[in-house]
Amino acid sequence: MAAMLAAFPVEALDLTKPADAYKAMLRMVGDLDGKPVFKDWTVTILAVQPGAKPLPILRMQGYNAGRLVTKPDGSYEWVTREVSYYQDLKTGEIIDAWTNPLTGKKVCVVHVANDPVSNKFPAPVKDMAAPLAVFQKTGEISSLRWDIPLAYPNVLQPADHPEESTGPTYLASEHFIYFANTADLESDSARSTPTHYAWFRTGPWLPWMKMGQAPGYLIYSGQGRKYSSFDELPAPVQAYTRKHHPSYVTAPDSYYQPNETSWSYYAKLKTAGKLPRDCN
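Counting from 9, one number per residue, gives the positions in the sequence shown under the numbering used here.
Mixed in with the good hints there might be a few duds.
[To be verified] Below, simulated PhoX-like cross-link-like pairs (lysine-lysine); rule was C-alpha separation at most 25 Å, straight line:
{"no.": "1", "residue 1": "LYS25", "residue 2": "LYS79"}
{"no.": "2", "residue 1": "LYS114", "residue 2": "LYS98"}
{"no.": "3", "residue 1": "LYS218", "residue 2": "LYS114"}
{"no.": "4", "residue 1": "LYS276", "residue 2": "LYS114"}
{"no.": "5", "residue 1": "LYS25", "residue 2": "LYS128"}
{"no.": "6", "residue 1": "LYS134", "residue 2": "LYS79"}
{"no.": "7", "residue 1": "LYS276", "residue 2": "LYS113"}
{"no.": "8", "residue 1": "LYS251", "residue 2": "LYS98"}
{"no.": "9", "residue 1": "LYS43", "residue 2": "LYS128"}
{"no.": "10", "residue 1": "LYS79", "residue 2": "LYS128"}
[Claimed, not checked] Quick list of simulated restraints, FRET-style, between CB atoms:
{"no.": "11", "residue 1": "ASP155", "residue 2": "THR177", "range": "18 to 24 Å"}
{"no.": "12", "residue 1": "ARG285", "residue 2": "PRO58", "range": "30 to 36 Å"}
{"no.": "13", "residue 1": "THR107", "residue 2": "ALA243", "range": "24 to 30 Å"}
{"no.": "14", "residue 1": "PRO170", "residue 2": "PRO109", "range": "18 to 24 Å"}
{"no.": "15", "residue 1": "PRO202", "residue 2": "HIS252", "range": "25 to 31 Å"}
{"no.": "16", "residue 1": "PRO58", "residue 2": "PRO202", "range": "41 to 47 Å"}
Hints were generated in silico from the structure; no laboratory data involved.
Built from N, CA and C at the ideal position, the CB exists for glycine as well.
Can you build the whole structure from these sequences, using the hints too?
Shown next as structure tokens:
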């Protein structure tokens, strides 16, 4: 701990300097003391089909439980796990079955339970090609935006999973905009900064929707904030997690791989014969 404090002297941060912006980003995302933090989200999911107006089809609530792990070289690992629960569009209740308005078919819902979802935050170096932390100051509020395009081989290939696969390549994008008080970010006294954020995502049909390679995609539109305790999360999310995914009440302690995705999690359940079948 003493080494960490020595590395970050107590003085006002300059968000235009890479080292200061890096520290501000870490405090915005997590807690420099390595305490677990919880970032929740409340989301509306819309279906987009060619030539049709985007259609709201589901709601979703969930959270990420994360912890910063400091490394000897001054970099950090961000170790997390996350759950997300699909909800009825009108009532907001967590659902186990859903009638797909695009096909008229009733399907069993597979909620998100991904462990781990971790990455590394390399310390800034001179002439770094793509700095992690570029803040936009707008008076009392500053923001940090990350746009993350994704493309990699689909773990659910069409030949083996014709109903669940949208194609040989998984294509999606994640978009985050974090907001915090400029004064909080520039102060060097706190170890974690209060944060709100907006989250947007584009992605393929979910495997359990049984849409196959039908043209179209999903838009996720949501927002959330950071908490220091699991007990601050929405009560229905807490209750469902304690019942079904009790290990997710806190963050991992260390960095391990490979990362889990909703698609790899679905594939594991299918291979093990554990996909939900009786969801009436």
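Hint by hint, here is what the structure shows:
1. Between LYS25 and LYS79 the alpha-carbon distance is near 21 Å, which keeps this suggested pair within the 25 Å criterion.
2. Restraint check for LYS114 and LYS98: satisfied, since their Cα atoms lie roughly 17 Å apart, inside the 25 Å limit.
3. This hinted pair checks out: LYS218 and LYS114 have alpha carbons roughly 10 Å apart, not beyond 25 Å.
4. A hinted pair counts as satisfied when its Cα atoms are at most 25 Å apart, and LYS276 with LYS114 qualifies at roughly 22 Å.
5. At most 25 Å may separate the alpha-carbon atoms for a hinted pair to count; LYS25 and LYS128 meet this at roughly 20 Å.
6. With a C-alpha separation of about 19 Å, the suggested pair LYS134 and LYS79 falls inside the 25 Å cut-off, and the hint holds.
7. A distance of roughly 24 Å separates the Cα atoms of LYS276 and LYS113; the hinted pair therefore holds under the 25 Å criterion.
8. Of the supplied pair hints, the one linking LYS251 and LYS98 holds, its CA atoms being roughly 24 Å apart against a limit of 25 Å.
9. Our distance criterion of 25 Å between C-alpha atoms is met by LYS43 and LYS128, whose separation comes to about 17 Å.
10. This hinted pair checks out: LYS79 and LYS128 have alpha carbons roughly 10 Å apart, not beyond 25 Å.
11. A C-beta distance of roughly 19 Å is found between ASP155 and THR177, which places it inside the suggested range of 18 to 24 Å.
12. Taken as a hint, the range 30 to 36 Å holds for the pair ARG285 and PRO58, whose Cβ atoms sit roughly 32 Å apart.
13. The given range of 24 to 30 Å is respected by THR107 and ALA243, whose C-beta atoms sit roughly 27 Å from each other.
14. Taken as a hint, the range 18 to 24 Å holds for the pair PRO170 and PRO109, whose Cβ atoms sit roughly 21 Å apart.
15. Between PRO202 and HIS252 the Cβ separation comes to about 29 Å, which falls inside the hinted range of 25 to 31 Å.
16. Look at PRO58 against PRO202: about 42 Å separates their beta carbons, and that is inside 41 to 47 Å.
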